[in-house]
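These protein sequence lines are chains W and G, in that order. In this text, residue positions in the first sequence follow our numbering: the first is 1, and each later residue adds one. In this text, residue positions in the second sequence follow our numbering: the first is 1, and each later residue adds one.
Treat the hints with care, as some may be off.
As the list claims (entries may be wrong) - The following label-pair restraints were derived from C-beta to C-beta distances: (1) THR105(G) / GLU32(W): 53 to 59 Å; (2) ASP423(G) / ASN31(W): 48 to 54 Å; (3) THR424(G) / GLU32(W): 48 to 54 Å; (4) CYS124(G) / GLU32(W): 23 to 29 Å; (5) GLU108(W) / VAL70(G): 28 to 34 Å; (6) LEU30(G) / GLY87(W): 48 to 54 Å; (7) PRO30(W) / PRO74(G): 28 to 34 Å.
Stated by the list, open to error - No more than 25 Å apart at the CA atoms, straight line, and that leaves these computed lysine-lysine pairs for BS3-like: (8) LYS7(W) / LYS219(G); (9) LYS7(W) / LYS285(G); (10) LYS304(G) / LYS219(G); (11) LYS219(G) / LYS285(G); (12) LYS233(G) / LYS148(G); (13) LYS7(W) / LYS304(G); (14) LYS7(W) / LYS233(G); (15) LYS368(G) / LYS304(G); (16) LYS148(G) / LYS292(G).
No wet-lab data here; the hints were simulated from the structure. Only a predicted model underlies this, so the values are computations on that prediction, with no experimental measurement involved. Even glycine gets a Cβ: it sits at the ideal position worked out from N, Cα and C.
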Amino acid sequence: MAQSAAKHAASQGGLLPCLHEIQAELGYIPNEHLESIATAFSLSTAEVHGVVSFYHDFRTSPSARQSIQICCAEACQASGSRELEAGVADVLGVEFDETHPADNYRLERVYCLGNCACGPSVRINDEVYGRVELSSLRQLVAEAVQS
Amino acid sequence: MTITVYIPQDTTAVSVGAERVATAFVQAALNAELSYTLVRSGSRGAFGLEPLIEIEVGAQGRLAFGPVSVDAVPSLVTSITEGEYERHSNYLGPVNTIPWLESQTRITFKRCGEGDPTDLANYCALGGYRGLERALTLSPQAIVEEIKVSGLRGRGGAAFPTGIKWQTVLDAHGEQKYIVCNADEGDSGTFADRLLMEADPYQLIEGMTISGLAVGATKGFIYLRSEYPRAQKMLERAIDVAMAEGYLGADLCGSGQRFELEVRMGAGSYICGEETALLNSLEGKRGVVRAKPPLPAIKGLFGKPTVVNNVLTLASVSSILADGGAEYARHGVDRSKGTMPLQLAGNIKNGGLIEVPFGVSLNKVINKWGGGTRSGRPVRAVQVGGPLGAYLSSDQLDVPLTYEALAELGGMLGHGGIVVFDDTVDMAKQAHFAMDFCAKESCGKCTPCRIGAVRGREVLDRVVDSTASSNDLILLRDLCETMEQASLCAMGGLTPLPVKSAMDNFPEDFGVTDNQYEVAV
């Protein structure tokens with residue numbers, strides 16, 4: 001951790017790359033590390049907290065093993081994401097911004113995956129799926145959970 | 001006889017099955033003992049035809065098949081082994097005769113889909129790096145003049161003349177200057193940047209290098225949104241190859257000139273697509289908007305003179321330098337010069353990337369290329385220019401797609417996103433979403449955006465619940481006016497555009513008939 005922070009602190013504007021690396025490593029950015037990150041970057045802990053809390057991607061508590069993101073932006077709305085958004089909780093048995101108790105994945109909204117000609121789009125971990133309907137979503141999630 | 005098979009690895013192609021099709025192809029070819037070379041190319045952007053497979057046999061041109069499903073792969077392999085391509089149900093003919101593609105004017109996207117995106121030799125064989133070679137023989141001022149002649153304007157949305165921006169940075173004093181590529185393509189309905197970075201990353205790298213030569217910058221950053229992991233891999237691989245081959249680094253093509261390039265990832269914040277918020281984010285800070293002046297061209301990244309341009313703007317630079325600014329300016333109309341990569345999305349049958357000269361009508365794009373809605377229902381609304389663009393009604397579709405004509409309608413062309421809605425859309429809900437999105441993504445620096453969007457969402461909560469009074473709509477207009485006039489950046493300043501256009505063009509969805517609220521105002 002300290003090594004990573006020192007390495008990034010030496011590069012210009014290295015705080016975001018540093019936070020990305022810590023999150024990739026640990027799955028989240030533990031609050032107890034903020035002080036040592038701040039020291040490495042010659043910042044206050046409050047400033048580092050400010051950066052971490054500004055960006056949607058950064059988490060300060062452990063997260064689920066996998067993530068399911070439903071695109072809810074305009075182009076997907078036009079092709080049926082509102083129905084997906086309304087029905088997904090029933091189909092998957094988990095609410096938005098919560099983690100599925102048994103299958104350990106987190107359900108989130110996302111605003112645009114750049115797949116707008118083939119919506120509604122869903123991202124499961126790093127893979128994007130197009131033209132997703134409630135019926136196919138159940139199947140996709142089941143496959144992801146198994147793998 | 002050599003057989004080469006091209007299957008795209010683009011995000012959208014993969015999202016509709018290209019990866020599974022590729023796996024199935026390898027298996028079926030193995031079973032049929034077919035000898036061939038597989039190239040995982042970028043996409044041409046004809047997303048209605050993806051997964052689009054191209055087969056090149058000997059010296060013949062490429063034959064296209066699409067959309068190919070996993071089930072259709074064995075019969076495709078059979079038609080290759082038997083040489084009877086035309087009989088396959090997905091046969092589309094030679095790829096360069098597909099009407100959807102043939103009727104476009106591809107300049108920036110001409111290489112997309114032609115081969116392995118990170119194959120540098122292929123890029124050069126297709127005319128790549130001619131622009132840089134020429135730029136290396138020119139003075140910085142001569143490069144800037146070439147851009148001015150081209151009439152190129154920023155493709156990110158604001159359409160600021162690129163040549164003037166570069167001139168400002170060239171004239172600015174500073175030991176260190178920077179080139180920043182805004183690849184934070186957060187607008188819904190847009191994917192041109194992503195497509196280009198995944199299909200032809202060297203073109204962006206070349207454009208940024210030329211920009212560095214033009215203004216005297218030795219370091220560039222590509223600020224890429226975290227939602228684009230494939231583009232990240234492609235860019236990083238391409239940068240490594242370009243470094244190794246001397247197209248980046250301390251001695252560009254043996255000229256003694258230096259330019260280095262780095263990809264930096266965003267972290268899921270929409271506002272970081274705004275150039276000053278982006279600069280703060282690159283500096284490792286909260287992505288809060290800066291007041292202008294000073295312009296980034298004078299005091300930008302780390303306080304140094306900085307060119308901030310969108311992916312498509314910088315990519316266009318390589319062909320402008322290769323073929324001359326005058327050649328580029330031959331396309332387009334009025335002050336909208338060159339070509340515009342439009343992105344047709346939403347409820348559309350044949351969506352994708354359509355690069356055409358400025359001036360083509362919206363109607364033609366939706367019906368000729370798009371083939372109407374995917375649902376088969378009538379078009380009711382079209383949002384042009386991303387989430388901050390206006391909602392046009394079906395009787396406004398004759399508008400020619402130029403910066404000027406859209407502005408006259410009270411809208412904007414923005415980054416060229418076109419999102420089509422059918423007649424099931426509830427425009428009050430769309431207006432509500434615009435305010436809600438602004439409330440969620442506002443950086444919080446200025447009050448009209450931070451508070452205005454929340455108040456706007458509350459009013460629209462009542463409209464959507466059918467509990468609004470006509471006073472609410474007056475209040476909403478008032479709020480919109482405050483946001484437009486007093487916000488620091490385009491997020492707060494333009495969120496009223498979709499809201500007001502929805503109210504103006506679809507009053508029947510706001511619980512008010514006969515435009516009563518206009519009388520009340």
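Structure-based check of each hint:
With their beta carbons about 57 Å apart, THR105(G) and GLU32(W) fall inside the hinted range of 53 to 59 Å. In this structure the supplied range 48 to 54 Å holds for ASP423(G) paired with ASN31(W), their Cβ-Cβ distance being about 50 Å. At about 50 Å, the beta-carbon gap between THR424(G) and GLU32(W) stays in the expected band of 48 to 54 Å. The hinted range of 23 to 29 Å is not satisfied by CYS124(G) and GLU32(W), whose Cβ atoms lie roughly 51 Å apart.
For GLU108(W) and VAL70(G), the hinted distance range of 28 to 34 Å is satisfied, since their beta carbons lie about 29 Å from each other. In this structure the supplied range 48 to 54 Å is violated for LEU30(G) paired with GLY87(W), their Cβ-Cβ distance being about 41 Å. Here the CB-CB span from PRO30(W) to PRO74(G) is close to 51 Å, at odds with the stated 28 to 34 Å. Taking the CA atoms of LYS7(W) and LYS219(G), the gap is near 19 Å; set against the 25 Å cutoff, the hint holds.
Straight-line distance between C-alpha atoms of LYS7(W) and LYS285(G) comes to about 18 Å, which keeps the hinted pair within the 25 Å bound. Note on LYS304(G) and LYS219(G): the hinted pairing holds, with a Cα-Cα distance of about 12 Å set against a maximum of 25 Å. With a CA separation close to 20 Å, the supplied pair LYS219(G) and LYS285(G) stays within the 25 Å bound. Of the pairs offered as hints, the one joining LYS233(G) and LYS148(G) is violated, with about 33 Å between alpha carbons and a cut-off of 25 Å exceeded.
With a C-alpha separation of about 23 Å, the suggested pair LYS7(W) and LYS304(G) falls inside the 25 Å cut-off, and the hint holds. Distance restraint check for LYS7(W) and LYS233(G): the Cα-Cα separation of roughly 22 Å lies within the 25 Å cut-off, and the hinted pair is therefore satisfied. For the given pair, LYS368(G) sits about 47 Å from LYS304(G) by alpha-carbon distance, which is inconsistent with the 25 Å threshold. About 24 Å separates the Cα atoms of LYS148(G) and LYS292(G), which keeps this hinted pair within 25 Å; it holds.
Checked against the numbered hints above, the structure breaks hints 4, 6, 7, 12 and 15 and satisfies the rest.
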